[in-house]
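Undergrad: Listed here are the chains, written in short residue letters.
There are 2 protein chains.
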Amino acid sequence: MKKSLLIAALAFAGFSLHAVAASEEPILPIKPPANINLGMVELGKKLFFDPRLSKSGFISCNSCHNLSMGGSDNLPTSIGDRWQQGPINSPTVLNSSLNFVQFWDGRAADLKEQAGGPIENPKEMAFSHILTVSLLQTIPGYAREFKQVFGKDAIDIDQVTSAIAEFEKTLVTPNSRFDQWLLGKKDALTETEKEGYTLFKDSGCIACHYGEAIGGDSFQKMGVLEPYKTTNLAKGREDVTKQDADRFLFKVPTLRNVELTYPYFHDGAANTLTEAVDIMGQLQLGKKYTPAESAKIVAFLKTLTGDQPMILMPILPPSVDNTPRPNPFGK
Amino acid sequence: MKKSLLIAALAFAGFSLHAVAASEEPILPIKPPANINLGMVELGKKLFFDPRLSKSGFISCNSCHNLSMGGSDNLPTSIGDRWQQGPINSPTVLNSSLNFVQFWDGRAADLKEQAGGPIENPKEMAFSHILTVSLLQTIPGYAREFKQVFGKDAIDIDQVTSAIAEFEKTLVTPNSRFDQWLLGKKDALTETEKEGYTLFKDSGCIACHYGEAIGGDSFQKMGVLEPYKTTNLAKGREDVTKQDADRFLFKVPTLRNVELTYPYFHDGAANTLTEAVDIMGQLQLGKKYTPAESAKIVAFLKTLTGDQPMILMPILPPSVDNTPRPNPFGK
Numbered sequence: 000m001k002k003s004l005l006i007a008a009l010a011f012a013g014f015s016l017h018a019v020a021a022s023e024e025p026i027l028p029i030k031p032p033a034n035i036n037l038g039m040v041e042l043g044k045k046l047f048f049d050p051r052l053s054k055s056g057f058i059s060c061n062s063c064h065n066l067s068m069g070g071s072d073n074l075p076t077s078i079g080d081r082w083q084q085g086p087i088n089s090p091t092v093l094n095s096s097l098n099f100v101q102f103w104d105g106r107a108a109d110l111k112e113q114a115g116g117p118i119e120n121p122k123e124m125a126f127s128h129i130l131t132v133s134l135l136q137t138i139p140g141y142a143r144e145f146k147q148v149f150g151k152d153a154i155d156i157d158q159v160t161s162a163i164a165e166f167e168k169t170l171v172t173p174n175s176r177f178d179q180w181l182l183g184k185k186d187a188l189t190e191t192e193k194e195g196y197t198l199f200k201d202s203g204c205i206a207c208h209y210g211e212a213i214g215g216d217s218f219q220k221m222g223v224l225e226p227y228k229t230t231n232l233a234k235g236r237e238d239v240t241k242q243d244a245d246r247f248l249f250k251v252p253t254l255r256n257v258e259l260t261y262p263y264f265h266d267g268a269a270n271t272l273t274e275a276v277d278i279m280g281q282l283q284l285g286k287k288y289t290p291a292e293s294a295k296i297v298a299f300l301k302t303l304t305g306d307q308p309m310i311l312m313p314i315l316p317p318s319v320d321n322t323p324r325p326n327p328f329g330k
Numbered sequence: 000m001k002k003s004l005l006i007a008a009l010a011f012a013g014f015s016l017h018a019v020a021a022s023e024e025p026i027l028p029i030k031p032p033a034n035i036n037l038g039m040v041e042l043g044k045k046l047f048f049d050p051r052l053s054k055s056g057f058i059s060c061n062s063c064h065n066l067s068m069g070g071s072d073n074l075p076t077s078i079g080d081r082w083q084q085g086p087i088n089s090p091t092v093l094n095s096s097l098n099f100v101q102f103w104d105g106r107a108a109d110l111k112e113q114a115g116g117p118i119e120n121p122k123e124m125a126f127s128h129i130l131t132v133s134l135l136q137t138i139p140g141y142a143r144e145f146k147q148v149f150g151k152d153a154i155d156i157d158q159v160t161s162a163i164a165e166f167e168k169t170l171v172t173p174n175s176r177f178d179q180w181l182l183g184k185k186d187a188l189t190e191t192e193k194e195g196y197t198l199f200k201d202s203g204c205i206a207c208h209y210g211e212a213i214g215g216d217s218f219q220k221m222g223v224l225e226p227y228k229t230t231n232l233a234k235g236r237e238d239v240t241k242q243d244a245d246r247f248l249f250k251v252p253t254l255r256n257v258e259l260t261y262p263y264f265h266d267g268a269a270n271t272l273t274e275a276v277d278i279m280g281q282l283q284l285g286k287k288y289t290p291a292e293s294a295k296i297v298a299f300l301k302t303l304t305g306d307q308p309m310i311l312m313p314i315l316p317p318s319v320d321n322t323p324r325p326n327p328f329g330k
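So the sequences go chain by chain: A and B.
Going by numbering that gives the first Met the number 0, the letters in the first sequence line up with residues 0 to 330, in that order.
Going by numbering that gives the first Met the number 0, the letters in the second sequence line up with residues 0 to 330, in that order.
Same shape as in the complex, but just chain A (with noise of 0.2 Å):
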């Protein structure tokens, strides 16, 4: 299939599987998370700020998803355990609900089976699930509220990544300028805004990039009409399935806060939307912008600046005599 057709037929199906009644755009604006289980989402929320479920408690999962910086880290490569470099961009957990599968290579199918991988991952929080379990038995705080939230006497490492998975849940972002105006406020975006928009749409980005999340719905190959450059290592979906076919196919990321979530790609080698716009009409559509054109496309992508989380910081529970001891510098 020549490259100009597969990018209409995905265009397609982003519009017929994504569009509903409430906009003829093939972007969507964000829903309210629905079926939320706020005892889950409390503990979920401790969890997420706790470096104790790191080897050297200093590491949460906040430190990389900072929700803060647009639920990301703003390095290229986050830094783990004992300042080792991360092999990927951390991706923004700002909407991650959203995606369709986790990782940029997808090998998690949910959040849920994500909020486990970083834990015992030696280069992440390299601790384990085992350790993370015990540990958190020992805390009377956490023991209780395990208790109260899932009705059962001991924590388990399902009970720990569901909460975590829940709190997630809840990181939406509605009511950008592009949502407002999605839904009917026709002075919420600039014409400059709205040209961007259009270009976006008519020089193919939206072939992936569309729906409630403006990607995280497919699969597609970093580097389609040219070869991406980069001295990182990954392969993507390849390192899953070991097909050549898939080599440096990467779940396409979500344009919502992208203001907020530099630098872009899964290497993190675009240090600027501009630079991201530019390579990615080059090397994915073929186009070379002109300055005003990439102008355009900025402002838009800006306007998908959502509502960030208001996040009330958890009081986390204390260890007490007998929680094993965070281990930051020993062996």
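Honestly, the hints are just simulated from the structure, not real lab data.
Check before you lean on any hint, since a few could be wrong.
Said to hold, decoys possible - Only pairs whose alpha carbons sit at most 25 Å apart, straight line, appear in this in silico SDA-like list of lysine to any residue:
hint, chain 1, residue 1, chain 2, residue 2
1, B, Lys122, A, Gln83
2, A, Lys301, B, Lys168
3, B, Lys301, A, Gly140
4, B, Lys228, A, Asn321
5, B, Lys168, A, Pro317
6, A, Lys122, B, Lys168
To be verified - On the chain B side, residues computed to face chain A include the following (Cβ under 7 Å):
hint, residue
7, Gly56
8, Trp82
9, Pro86
10, Ser127
11, Leu130
12, Val239
13, Ile310
14, Met312
15, Leu315
16, Pro327
All of these numbers come straight from a predicted model, not from anything done at the bench.
Ideal Cβ placement from N, Cα and C applies to all residues, glycine included.
Since chain A is already given, all that's left is putting chain B on it; use the hints.
TA: Chain B only, in chain A's frame:
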């Protein structure tokens, strides 16, 4: 002067300087902060949470003074730039405005002076005041907010540290059960807790741990009756004055929220409150508490946990194209 006389004199000083009409007790309830500039507080809160004040873009004030964990990092010594091991235990930021000087060795007169230290300490945030100011100046959200708060066109480091200090002034923890008892709620403490408080006074702890902060008001020698054994290199006040007489004199830490601020002492070597009480009794007071006595004092100490500050996480203004990017792994 004999040690017992010294202690008596200090206790007397504590009484005469600090006990006022509200209470006959040598410990005073925490007062709400007054003369607060709310604009500075909101700006200072952003700066407190902003890892762009570090070279790596990863470490913020909150990394080591975590407001989810009693304003501390619950580590013996902190983790700094490139995972360097800090030289001393991070004291809690909670109620730190009540300290007579800042840092364990008192090398900063106040919170404003303190705030500038870690930013440019190569073992902590490893940045510089000049780089901090020039970085902040590029960020439109900060440039506007500094101008609104300070009424000047240019940001300077004095504004940065003043704002952080103003935020920190709000981080007090009133309404502990002990304060409720001081303020007249007679059933706020159990009999055991009251016995612990009596023992705390009668055995001499109160000589150094008195007043609103229950500490933070004098330098005292670590190891009065017996030397304190540690591998930690800090010499306390001597590091500032270069006087032999000041060797191992440290600022007495606050006991407010001490249940949350483990591990204890300037080297973080005591993991539990029981250990800390036993070692203090033996080294500072020449007392060997029975397990029952220690338990009572620990029960009292746990009544000092106050209402933790309610912190709505700030949303940090994003970097723009010309904002210098962090340098976590490079030279």
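Undergrad: All hints are to be evaluated individually against the structure, with a verdict given for each.
TA: Hint check results:
no.: 1; hint: Lys122(B) with Gln83(A); in the structure: holds, 17 Å
no.: 2; hint: Lys301(A) with Lys168(B); in the structure: violated, 36 Å
no.: 3; hint: Lys301(B) with Gly140(A); in the structure: holds, 15 Å
no.: 4; hint: Lys228(B) with Asn321(A); in the structure: holds, 24 Å
no.: 5; hint: Lys168(B) with Pro317(A); in the structure: holds, 24 Å
no.: 6; hint: Lys122(A) with Lys168(B); in the structure: violated, 37 Å
no.: 7; hint: Gly56; in the structure: holds, 6 Å
no.: 8; hint: Trp82; in the structure: holds, 4 Å
no.: 9; hint: Pro86; in the structure: violated, 13 Å
no.: 10; hint: Ser127; in the structure: violated, 20 Å
no.: 11; hint: Leu130; in the structure: violated, 16 Å
no.: 12; hint: Val239; in the structure: violated, 26 Å
no.: 13; hint: Ile310; in the structure: holds, 4 Å
no.: 14; hint: Met312; in the structure: holds, 4 Å
no.: 15; hint: Leu315; in the structure: holds, 5 Å
no.: 16; hint: Pro327; in the structure: holds, 6 Å
Going down the numbered hints, you'll see the structure goes against 2, 6, 9, 10, 11, 12, while the others check out.
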